[in-house]
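Student: Residues per chain, in single letters:
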Amino acid sequence: MTLASSLKKNKGKWNMNSLRRLTQAYIITPWRKQISTGMLILVGLLVVILAASLYLDVTARTLALGRAILMMENEITEVEMLNAHLRTQLGILTSSAMMEKRALEMGFRRIEASEEIYLVVPGYVPLDQTPLSSPSKKVQSVTYSLPPIYTQSLVDWLKTKLDEWANLERGKSP
Amino acid sequence: MSQDYSSRYILLGTLFTVVAALIFGQHVALLLDKQRGAILEEVRANHLGSIWTIHPPRGLIFDRKGQLLAGNEMVYEVGIDYRSINREANDAHTIALIGNVYFSLDYNQVKVTIENPPNPQQVYLPLAKGIEKDKVDTFQTFLKVKDEDSRTEQAEKARLAKHLRGLVLQPYMKRVYPEPLLASNVLGFVGYTQQGLPVGYFGVEAKYNEMLAGTPVKIWVPNDPRMVQDFPPIPEGVSLILTIDRELQAAIEKILEESVHKSGSDTGVIVVLDPKTGEVLAMASYPRLDISRYWDYESLSQRGQFVFNRAISAMYEPGSVFKIFTMAGALDKGVVTEDTIYLDKGAIEVGGLVIYNWDRAGHGKQTMQGCMQLSLNVCLAWVATQLGAADFYAYLQAFGIGHTTGIDLDGERAGILKLPQDQLWSESEIGTNSFGQGVSATPIQMAAAISALANDGKIMRPHVVRAIIKDGEQFMITPSVSSIPISAKTAHTLTEMLARSLEAEASAALVDGYRVAGKTGTGEIAIPGLGYTSGETNASFAGWGPVDDPRFVVYIWLEKPSTSIWGSEVAAPIFPKVVEQITLLMNIPPDRYRKATQ
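Line order of the protein sequences matches chains G and Z. The C-terminal residue of the first sequence carries number 173 in numbering that gives the first Met the number 0, and the numbering is unbroken. The C-terminal residue of the second sequence carries number 597 in numbering that gives the first Met the number 0, and the numbering is unbroken.
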């Protein structure tokens, strides 16, 4: 007997029997149970996909950054080499022979001792040092440039956070 | 279950048991292997990453005014990465062609090398080193796809790049000298070990090799990019500021080369020292090596005669310049004064050996100044005998004869000075040694010893490094006293005597505007077994000035001059030329200006 025929038989009046039947009908409907289970599985899958995507995204970005660091290190090395190269090129361009050649081309000539003129400046003391280095250029101490979060896996990160939480619980600072 | 099936099960079971037993046995064998730990660690390390050894750029070398004398240049190593070679696509041809056109490599050789690797496991093979940056830049510009390129050109470049994936261009730093002949004897050069590591040879490059090279840093580079860290700072090699003045060095080298050719000498040396600090202002040695072609050294040295830096490594009998030390010792000891009279008869017997003057003549009564002015061997031999062997050799040793000066250059030699306690020494040595025969010294030893007269009797340790730059900070080298052989009074007295000597004989060594002191020397060259019969000489001159406040000591040596054998005729005339350059370039005004400011 269907719910409609039950209501028709009782002339549209509800009784406990019809309500039980109604509840039972909904509870035990197989397709609803299947949908419910399916949805639960889907939600679970979604959570897994979300976590996996997040993990993949963080890992991919970490990998890309790691790769970029390596490339930049190589670039720094090459730029340093280039600087040294250019400095030497400058040394070659200002070498004694080159400077003399350029001076001669510009119409200068080396003076004789007899042509030298000295001007006496009382109290003048010529500088007798060659400061070539910048004052107190200390080597900087370099540590990680990336915070740990970029180098940790999601599991490591969760573990760290849990440890921090556990330490906080024990009254310690993280 | 039938009987047939049970036998099959037994067979299968036995098989599995045997395999399991073998695997277990192998595990046990591995566990018992003593090298297991190291091997596993190596496998683990190789899997996780690799260790890169980074060599810091070699320190630079500057002259005293900050001009670069030795730097580093970026060059490339061209190599083959066999893993990226596609044999079917004929990559070998393309790489060989590019190698030939852009890097001047032999086409056939490169092609054969690519097609036939030395061994099947070969991953990488260097083809050429030291390829100039300009060549690589030209090649990379050619290969770069530009906006103005047509589609065909772009496609062609892309196709070419695909074939060139196996071509590796690896940059590295190479030592380079802006002027490879300038001060080459002081600088030395950088060669490479079989492992390709740079090593300094001769000069400051060798003496300060470890400082210049810096400390290589080993960095562990993980394969997992997540574990990549910043490279730690790699401290550069220490840079050096030399005492050498580039302009003065160039001028002195030019003077020396001209003088050697003009006098028909075999070799020559000029050393310029600051007597107050021991700083070497210039050190010229002829012939010299073009250090950009340092590999020529081997063939040059095999031919004989070639000494990399004659100023510190070539020993010779200096002749009469040595009389300075004999007279200095005698004056200092009080055995003679400048007014002591000696009757020169032209010969004297010392230890059974008759000694004559250079002209074989007697010069009658002479003061000590006269003896020095006329460079009388007989007189100086007498002075040495008056001083006595013990004191004479004590003074020579105090002047540093027979010892290295400790100059900070690689390859210094000590010279030879026989002492009375030596078996080979005979009493006649005191006579011959008094005028610089039978004793050998290097030019730097002579210059350093003579600097005592120009520095109140003190010898400063000669040095060529004025300051070092480490971690961006500059540290000046403090001059140190090496020895005090004579008193300031003796130094002043002898300087005055030698200044008057030059003036009295109107020497070719006199310098306009500056009062200088000096002494010529002509040392005979002995032939082993035959004695002094070659007729060839070493011509020398030692001079310093200005007399009232010495700022420079100049030592000149010409080996086997052919136009004249006398130091007074070939070496002395070089002195004013050198002093002219020193005073011009080191800002030493003539005496009249200088005294006006005092």
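These are calculated hints, taken from the structure and not from any lab test. Since the structure is predicted, the reported quantities are computational estimates derived from the model, not experimental observations. Accuracy of the hints is not assured; some may be wrong.
To be verified - Dumping the calculated BS3-like pairs for lysine-lysine here, alpha-carbon to alpha-carbon at most 27 Å:
#1 Z:Lys594 to Z:Lys488
#2 G:Lys100 to Z:Lys261
#3 Z:Lys364 to Z:Lys457
#4 G:Lys100 to Z:Lys364
#5 Z:Lys275 to Z:Lys217
#6 Z:Lys576 to Z:Lys64
#7 Z:Lys145 to Z:Lys173
#8 Z:Lys253 to G:Lys100
#9 Z:Lys344 to Z:Lys332
#10 Z:Lys332 to G:Lys100
#11 Z:Lys143 to G:Lys100
#12 Z:Lys217 to Z:Lys457
#13 Z:Lys110 to Z:Lys128
Student: Against this structure, judge whether each hint is valid.
Tutor: Okay, the hints, checked on the actual structure:
Under the criterion of a C-alpha separation no larger than 27 Å, the hint pairing lysine 594 (chain Z) with lysine 488 (chain Z) is consistent with the structure, at around 22 Å. Of the supplied pair hints, the one linking lysine 100 (chain G) and lysine 261 (chain Z) holds, its CA atoms being roughly 25 Å apart against a limit of 27 Å. Our distance criterion of 27 Å between C-alpha atoms is broken by lysine 364 (chain Z) and lysine 457 (chain Z), whose separation comes to about 33 Å. The hinted pair formed by lysine 100 (chain G) and lysine 364 (chain Z) fails the criterion: a straight-line CA distance of about 56 Å is larger than 27 Å.
A threshold of 27 Å between alpha carbons decides the hint, and for lysine 275 (chain Z) with lysine 217 (chain Z) the separation of about 45 Å lies outside it, so the pair is violated. Between the alpha carbons of lysine 576 (chain Z) and lysine 64 (chain Z) the distance comes to roughly 22 Å, so the proposed pair stays at or under 27 Å and holds. For the suggested pair lysine 145 (chain Z) and lysine 173 (chain Z), the alpha carbons sit about 31 Å apart, so the restraint of at most 27 Å is broken. About 15 Å separates the Cα atoms of lysine 253 (chain Z) and lysine 100 (chain G), which keeps this hinted pair within 27 Å; it holds.
Between the alpha carbons of lysine 344 (chain Z) and lysine 332 (chain Z) the distance comes to roughly 25 Å, so the proposed pair stays at or under 27 Å and holds. The hinted pair formed by lysine 332 (chain Z) and lysine 100 (chain G) fails the criterion: a straight-line CA distance of about 54 Å is larger than 27 Å. Between lysine 143 (chain Z) and lysine 100 (chain G) the alpha-carbon distance is near 37 Å, which puts this suggested pair outside the 27 Å criterion. Between lysine 217 (chain Z) and lysine 457 (chain Z), the direct Cα distance comes to roughly 47 Å. Violation of the 27 Å bound is thereby established for this hinted pair.
This hinted pair checks out: lysine 110 (chain Z) and lysine 128 (chain Z) have alpha carbons roughly 17 Å apart, not beyond 27 Å.
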